[in-house]
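Protein sequence lines correspond, in order, to chains A and B. So in my numbering, spot 60 of the first sequence is number 60, and the numbers just go up one at a time. So in my numbering, spot 82 of the second sequence is number 82, and the numbers just go up one at a time.
Note that these hints are calculated values from the structure, not bench results. Built from N, CA and C at the ideal position, the CB exists for glycine as well. Keep in mind that a hint or two might mislead.
[What the hints assert, rightly or not] Residues of chain B placed beyond 12 Å of chain A at every Cβ, according to the derived structure:
| id | residue |
| --- | --- |
| 1 | Lys54 |
| 2 | Lys64 |
| 3 | Lys75 |
| 4 | Lys94 |
| 5 | Gly110 |
| 6 | Asn146 |
| 7 | Glu150 |
| 8 | Phe161 |
| 9 | Asn175 |
[Unchecked claim] Dumping the calculated DSBU-like pairs for lysine-lysine here, alpha-carbon to alpha-carbon at most 35 Å:
| id | chain 1 | residue 1 | chain 2 | residue 2 |
| --- | --- | --- | --- | --- |
| 10 | B | Lys111 | A | Lys93 |
| 11 | B | Lys126 | A | Lys118 |
| 12 | B | Lys111 | A | Lys118 |
| 13 | B | Lys99 | B | Lys124 |
| 14 | A | Lys4 | A | Lys98 |
| 15 | B | Lys124 | A | Lys79 |
| 16 | B | Lys111 | A | Lys49 |
| 17 | B | Lys126 | A | Lys97 |
| 18 | B | Lys99 | B | Lys126 |
[To be verified] Per label pair, the in silico range of CB-to-CB distance:
| id | chain 1 | residue 1 | chain 2 | residue 2 | range |
| --- | --- | --- | --- | --- | --- |
| 19 | B | Val106 | A | Glu137 | 17 to 27 Å |
| 20 | B | Asp157 | A | Trp87 | 33 to 43 Å |
| 21 | B | Lys102 | A | Glu40 | 46 to 56 Å |
| 22 | B | Glu53 | A | Pro105 | 44 to 54 Å |
| 23 | A | Lys178 | B | Gly174 | 31 to 41 Å |
| 24 | A | Phe80 | B | Gln113 | 38 to 48 Å |
| 25 | A | Lys83 | B | Asn89 | 25 to 35 Å |
| 26 | A | Ser119 | B | Ile122 | 48 to 58 Å |
| 27 | A | Gly128 | B | Ser170 | 30 to 40 Å |
| 28 | A | Arg82 | B | Ile125 | 16 to 26 Å |
| 29 | B | Pro67 | A | Lys78 | 51 to 61 Å |
| 30 | A | Ala161 | B | Phe161 | 34 to 44 Å |
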Amino acid sequence: MMYKIKVLLILLSFLTTPLLGFAEAESATSELEEENNNLEKDLVGWIEKVKLSPSNITLEAKLDTGADNCSLNAQDIKKFKRKGQTWVKFKIKNREKKEKTIELPVIKQTRIKRVKGKSQVRPVVRLGLCLGSKYSEVDVNLADRSNFAYPLLVGRSFLSAHVVLDPSRTYTTEPNCKSD
Amino acid sequence: MKAHSSSSFPVILSAFLLLIHSSVFALEKEEGKKKSETTVAGDVTIHTTETKEKMMVGWIEKVKIEPENLVMHAKLAPGTETSSIGAENVKSFKKKGEKWIKFDLVDRKGKKQTLKRKLIRIAKIKRPGNDPIERFTIKLELCVGNTFLEEEVTIADRTGFEYELLIGRSFLAGNLTIDPSLSYTVKPSCR
């Protein structure tokens, strides 16, 4: 009798070993899934610092889930032709009064509906935006205006892929994207 | 005696192993359960270091205005402080010596309803080259998901805009977080 119990006990202890491995694996995969979900999007506030490429200038940006696209306040916007293509030269200034001049090809012209006043036609260029650890190239329309407080407006064209937004917070992160 | 002690060792070892295995197995299962709560907008809550749990919603949501039970589609606007609503036939009138505002709201289905609210404040907005306009602020009871608040809302002219209602930070902050890749994730369910 005792012998049978001993054998049963030994057998059980061996049989439960693979179960252990299974439980560990299951918890590991759900942990990975959780991490992947978190890795997909950062939680940010409604105002954040964003680094622009080209130029590497850091601007204060208003993140607006209500905006479809991104828009940048620039000064001295001048169109010119380069090898038959329309280009645009413009200046941007940040809060620290750092100024950069950028030259980029014009992708298209876009009509912006304004809450106050008439609709505007604005040139659209391609810029790289870095918010926290997230980087994307997006179409940005240029508004001829000086606003050193929040010169950049980041809309869903960037936000959808990268962040979830907490409207009660600001300045939660600094630009720290890996350079390719 | 010797034979007895040498045969009891594997039994003790097995019993010990069995105990360890079953307890670790139980622990992993418990941990796995906690971690596998998947993110489904509308049902999920983000646990922050603050005590208040915030519901995650999309960038557009259905909002119910009480007590009229009017459902409107609202754009969440974290870039704006105050909420605003597009209304028609906006008129002020006096009721028991107080100034009130009468206005029409049109829901998504085109149904029009007249609302009356006490005037909270008037903002006179100067427009260069145009006559100044008056912006009335009233209070509306709004329900987004299960968040219910009486909000100060500015009556605006939103003709030509797709969404009649804009929900600003005064409503959003501390109550909701926004996933800009999602829309219409919750139905108003405040009671």
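Going down the list of hints, with the structure as the test:
1. Chain A draws Lys54 (chain B) into its interface by the beta-carbon criterion, the shortest separation being 7 Å against a cut-off of 12 Å.
2. Interface exclusion of Lys64 (chain B) from chain A stands, the closest Cβ pair being 20 Å apart, more than 12 Å.
3. Here Lys75 (chain B) does not stay apart from chain A, with its beta-carbon only about 5 Å from theirs, under the 12 Å limit.
4. Annotated as non-interface, Lys94 (chain B) keeps its C-beta farther than 12 Å from every C-beta of chain A; the closest such distance is 30 Å.
5. Distance check for Gly110 (chain B) against chain A: the nearest CB is about 22 Å away, which clears 12 Å, and the non-interface claim stands.
6. Interface exclusion of Asn146 (chain B) from chain A stands, the closest Cβ pair being 17 Å apart, more than 12 Å.
7. For Glu150 (chain B), the condition that its CB be more than 12 Å from all CB atoms of chain A holds, with the nearest at approximately 18 Å.
8. Not every CB of chain A is more than 12 Å from the CB of Phe161 (chain B) (nearest about 8 Å), against its label as outside the interface.
9. The claim that Asn175 (chain B) lies off the interface is violated: its Cβ sits roughly 8 Å from the closest Cβ of chain A, which falls inside the 12 Å cut-off.
10. Taking the CA atoms of Lys111 (chain B) and Lys93 (chain A), the gap is near 48 Å; set against the 35 Å cutoff, the hint is violated.
11. The hinted pair formed by Lys126 (chain B) and Lys118 (chain A) meets the criterion: a straight-line CA distance of about 16 Å does not exceed 35 Å.
12. A hinted pair counts as satisfied when its Cα atoms are at most 35 Å apart, and Lys111 (chain B) with Lys118 (chain A) qualifies at roughly 29 Å.
13. As the CA atoms of Lys99 (chain B) and Lys124 (chain B) are separated by approximately 16 Å, the hinted pair is consistent with the 35 Å bound.
14. A hinted pair counts as satisfied when its Cα atoms are at most 35 Å apart, and Lys4 (chain A) with Lys98 (chain A) does not qualify at roughly 83 Å.
15. For the suggested pair Lys124 (chain B) and Lys79 (chain A), the alpha carbons sit about 39 Å apart, so the restraint of at most 35 Å is broken.
16. With a CA separation close to 43 Å, the supplied pair Lys111 (chain B) and Lys49 (chain A) exceeds the 35 Å bound.
17. As the CA atoms of Lys126 (chain B) and Lys97 (chain A) are separated by approximately 30 Å, the hinted pair is consistent with the 35 Å bound.
18. Taking the CA atoms of Lys99 (chain B) and Lys126 (chain B), the gap is near 22 Å; set against the 35 Å cutoff, the hint holds.
19. At roughly 40 Å, the beta carbons of Val106 (chain B) and Glu137 (chain A) sit outside the given window of 17 to 27 Å.
20. Hint check: Asp157 (chain B) to Trp87 (chain A), Cβ distance near 38 Å, so the stated range 33 to 43 Å holds.
21. Take Lys102 (chain B) and Glu40 (chain A): their Cβ atoms lie about 47 Å apart, and the range 46 to 56 Å holds.
22. A hinted range of 44 to 54 Å holds for the C-beta pair Glu53 (chain B) and Pro105 (chain A), which are about 47 Å apart.
23. Look at Lys178 (chain A) against Gly174 (chain B): about 33 Å separates their beta carbons, and that is inside 31 to 41 Å.
24. For the hinted restraint 38 to 48 Å between Phe80 (chain A) and Gln113 (chain B), the CB-CB distance of approximately 54 Å leaves it violated.
25. As the Cβ distance of Lys83 (chain A) to Asn89 (chain B) is approximately 57 Å, the hint placing it in 25 to 35 Å is violated.
26. For the pair Ser119 (chain A) and Ile122 (chain B), the supplied restraint of 48 to 58 Å is violated, since their beta-carbon distance comes to about 28 Å.
27. For the hinted restraint 30 to 40 Å between Gly128 (chain A) and Ser170 (chain B), the CB-CB distance of approximately 34 Å keeps it satisfied.
28. Restraint check, Arg82 (chain A) to Ile125 (chain B): a C-beta distance of roughly 43 Å breaks the suggested window 16 to 26 Å.
29. The supplied range of 51 to 61 Å is met by Pro67 (chain B) and Lys78 (chain A), whose beta-carbon atoms lie about 56 Å from each other.
30. Judged by the Cβ atoms, the range 34 to 44 Å given for Ala161 (chain A) and Phe161 (chain B) is violated: they are separated by roughly 25 Å.
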